[in-house]
Amino acid sequence: MKLISRIALRLSLFLIPLLALWATLFYLMTVDEINDEADDALENYSELIIIRMLAGRELPPLNSGTNNSYSITPIDKEYALSKPHFEYYDAEVYIPEKEETEPARILSTIFIDDDDNYYELKVAIPTFEKDDLIRTILFLIVLLYFILLITIISVTLWVFHRSMRPLYALLQWLDEFTPGRRNAPVPDDTHITEFHKLNMAAQEAANRAEELFEQQKQFIGNASHELQTPLAVLGNRIEWLLDNTELNENQVEELFKMQRSLGHIVRLNKTLLLLTKIENGQFPENSDVDICLIICEQIALYDEIYASRGITSSTHLPETFIVSMNDSLASTLISNLLKNAYIHSAPHTHIEVSLVGHTLKIANDGDTPLDADHIFDRFYQGHKKEGSTGLGLALVKAVCRYYNLSIAYRFEDGKHCFFIDWE
Amino acid sequence: MKLLIIEDEPSLREIMQRALTQERYVVETATNYAEADAKIAAYSYDCILLDIMLPDGNGLQLLQHLKQQRKRENVIIISARDSLDDKVLGLDMGADDYLPKPFHTAELLARIKSVLRRGKSGGEMALILGNVSLEPESSRVRVNDKELPLLKKEFDILLYFMQRPNHLVDKSVLAEAVWGDHADQADNFQFVYAQMKNLRRKLVDAGADIEIKAVYGFGYKLVPPTE
Chain A
333 MKLISRIALR LSLFLIPLLA LWATLFYLMT VDEINDEADD ALENYSELII IRMLAGRELP
393 PLNSGTNNSY SITPIDKEYA LSKPHFEYYD AEVYIPEKEE TEPARILSTI FIDDDDNYYE
453 LKVAIPTFEK DDLIRTILFL IVLLYFILLI TIISVTLWVF HRSMRPLYAL LQWLDEFTPG
513 RRNAPVPDDT HITEFHKLNM AAQEAANRAE ELFEQQKQFI GNASHELQTP LAVLGNRIEW
573 LLDNTELNEN QVEELFKMQR SLGHIVRLNK TLLLLTKIEN GQFPENSDVD ICLIICEQIA
633 LYDEIYASRG ITSSTHLPET FIVSMNDSLA STLISNLLKN AYIHSAPHTH IEVSLVGHTL
693 KIANDGDTPL DADHIFDRFY QGHKKEGSTG LGLALVKAVC RYYNLSIAYR FEDGKHCFFI
753 DWE
Chain B
-19 MKLLIIEDEP SLREIMQRAL TQERYVVETA TNYAEADAKI AAYSYDCILL DIMLPDGNGL
41 QLLQHLKQQR KRENVIIISA RDSLDDKVLG LDMGADDYLP KPFHTAELLA RIKSVLRRGK
101 SGGEMALILG NVSLEPESSR VRVNDKELPL LKKEFDILLY FMQRPNHLVD KSVLAEAVWG
161 DHADQADNFQ FVYAQMKNLR RKLVDAGADI EIKAVYGFGY KLVPPTE
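Chains as they are written, first to last, in our numbering: chain A, 333 to 755; chain B, -19 to 207.
It cannot be assumed that every hint is accurate.
[Stated by the list, open to error] Where chain B lies over chain A, by a calculated footprint (3+ residues, C-beta under 8 Å):
{"#": "1", "region": "438 to 446"}
{"#": "2", "region": "556 to 564"}
{"#": "3", "region": "568 to 577"}
{"#": "4", "region": "634 to 646"}
[Claimed, not checked] Below, a list of computed lysine-lysine pairs in the DSS-like style, where the Cα atoms sit at most 25 Å apart:
{"#": "5", "chain 1": "B", "residue 1": "Lys193", "chain 2": "A", "residue 2": "Lys549"}
{"#": "6", "chain 1": "B", "residue 1": "Lys193", "chain 2": "A", "residue 2": "Lys589"}
{"#": "7", "chain 1": "B", "residue 1": "Lys93", "chain 2": "A", "residue 2": "Lys589"}
[As the list claims (entries may be wrong)] If you want the ones that stay clear, here's a sample from chain B, every Cβ over 12 Å from chain A, calculated:
{"#": "8", "residue": "Asp65"}
{"#": "9", "residue": "Leu88"}
{"#": "10", "residue": "Arg122"}
{"#": "11", "residue": "Arg144"}
{"#": "12", "residue": "Lys151"}
{"#": "13", "residue": "Ser152"}
Think of the hints as simulated: they come from the structure by calculation, not from any bench.
No residue lacks a Cβ here, since even glycine has one placed at the ideal position from N, Cα and C.
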């Protein structure tokens, strides 16, 4: 979840109870204020009626077009004493002119005339419909909620993006950062202390990563170079023994085995050097190479080498497929992919190579899918094969990375399929 | 024939010297840049084996010195760095060959012979053993002056052995030399055997007096006729 979505969500959630509370308060205060006004009017009205009645003057007409109404009822003393003399309350009142009941505010007053007669005066004025009010307030509150929400969120968004720009610049830089490539320095055009600190920390971490990467690369390169001379010495001593001493069959066999093991180390070493060179970008010269031609030549070689296993191959290739690559890297790429297919194929199986559009597909029969996440790792081997360097697919991956080709492995219809895309 | 080995690693220097002395070359050695520079200035050699990574200088500078002194020594660069740049640079600067470490003794001998032959004959470079002559450049093989048509792999195998007479070669080494890295994980050497069978039959049919012998079933050796 993006930070801004989280902020927006929290703001909207926080606004709901806040506005609900505010709406309740607003409603209560409004009702209170209206009742207060109504009560004042009732008081005046009832005072007027009482004064007129006590003075024996004519009472106001019952129907004066105001919907106000009153009633005077004589009551006995006990009843009068049992009730408070002033009482405000809300009730539904029937209005004869309208022939309907309406909510009204009522004041009941108990008074005595000169003859000690108790009367109860009920004065009613129609007031508002509470349901209506609540509905209106609710509607307005919901409206307000959305308006507020939109306003607050857009302001927040704007402020957020404005103030967080350095953070996003840093994040984008982090996305593009790959150790070993030429990386731009961390963008740091901010005056905000926190972001500046963050940028400094990122730059430091990046420098450290670069340094370690460089050291590691150099270490592998140097170690491999240093190994070359002792390997040459060892190989030559074995050869000297073979050529200059009388050896029986067992001794020759043993020396040959040593030579083969040594050959394995030499290959491993050379491959590591090659990997280092690819990662150092030491293959600048590109030329137009025909991938189809390379495939045909190499398939012929592998068919010959693996003929005893009865592996067959078929190709669906266009006439030519010219790409701009270093020719030895192109050859490394194809050779290792094909070799991989031939080595891991069971006897009497089939290998299929096809190039459609810009996609090369190399497929060989297999039983179980390989671990697609790791097969391109150095020294990752499903099952250890004698003489294998464990670096073949790592080389393929390195070449693909070097040229930004996409490489993928999928297990389709009982076949291990490797795809390379030139785009 | 006088050779100079410029190599700082004592063990490698020793075995190179031993192998070359055995081939009846006169061998001198230099262990560093200064010593090599002095020897080159004072004497002349038929071929110089030059390690370009020396403790006190770069072998490529020695090459420049040679050129400045207008010396016509053959130079074979020996380098632990199997890099195309070094190779191109070295050959551009007048080296005759470039041999990356680690190398087989037989390979070194073959390269030295080839360089010396080229230097002597001025381009014509047939390898001759017994009644067989092989021209690497034009890929032609003659037995008793009669052309012997060979397939590409058969030719490559014959060339490999002609450069290493009397040298016992393991099948896996041969496979790698002829088929390259493609063969390094082959589970058997049937394909070597198949080509070898054809080559040997063709040589016998043409009446060649050299023979590629199978040794103990896991190696081969080219035996030239005894005189």
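Comparing the hints with the structure gives:
1. Restraint check on the region 438 to 446 of chain A versus chain B: 0 residues with Cβ-Cβ distances below 8 Å, three needed, restraint violated.
2. With 7 residues bearing a CB less than 8 Å from a CB of chain B, the region 556 to 564 of chain A meets the requirement of three and the coverage assertion stands.
3. Here's how the region 568 to 577 of chain A fares: 7 of its residues keep a CB closer than 8 Å to some CB of chain B, so the rule of at least three is met and the hint holds.
4. Only residues whose beta carbon comes within less than 8 Å of a beta carbon in chain B count, and the region 634 to 646 of chain A has 7; three or more means the coverage holds.
5. Of the pairs offered as hints, the one joining Lys193(B) and Lys549(A) is violated, with about 46 Å between alpha carbons and a cut-off of 25 Å exceeded.
6. At most 25 Å may separate the alpha-carbon atoms for a hinted pair to count; Lys193(B) and Lys589(A) meet this at roughly 20 Å.
7. Taken as a hint, the Lys93(B) and Lys589(A) pair is broken in the structure, with Cα atoms around 28 Å apart against an allowance of 25 Å.
8. Distance check on Asp65(B): its Cβ comes as close as 8 Å (rounded) to a Cβ of chain A, failing to clear the 12 Å threshold; non-interface status is violated.
9. Against chain A, the non-interface label of Leu88(B) is violated: not every CB pair exceeds 12 Å, the least being about 8 Å.
10. Separation of Arg122(B) from chain A is adequate, the least Cβ-Cβ distance of about 27 Å exceeding the 12 Å criterion.
11. Listed as outside the interface, Arg144(B) is inconsistent with that label: its C-beta sits roughly 9 Å from the nearest C-beta of chain A, within the 12 Å cut-off.
12. Separation of Lys151(B) from chain A is inadequate, the least Cβ-Cβ distance of about 8 Å not exceeding the 12 Å criterion.
13. Not every CB of chain A is more than 12 Å from the CB of Ser152(B) (nearest about 5 Å), against its label as outside the interface.
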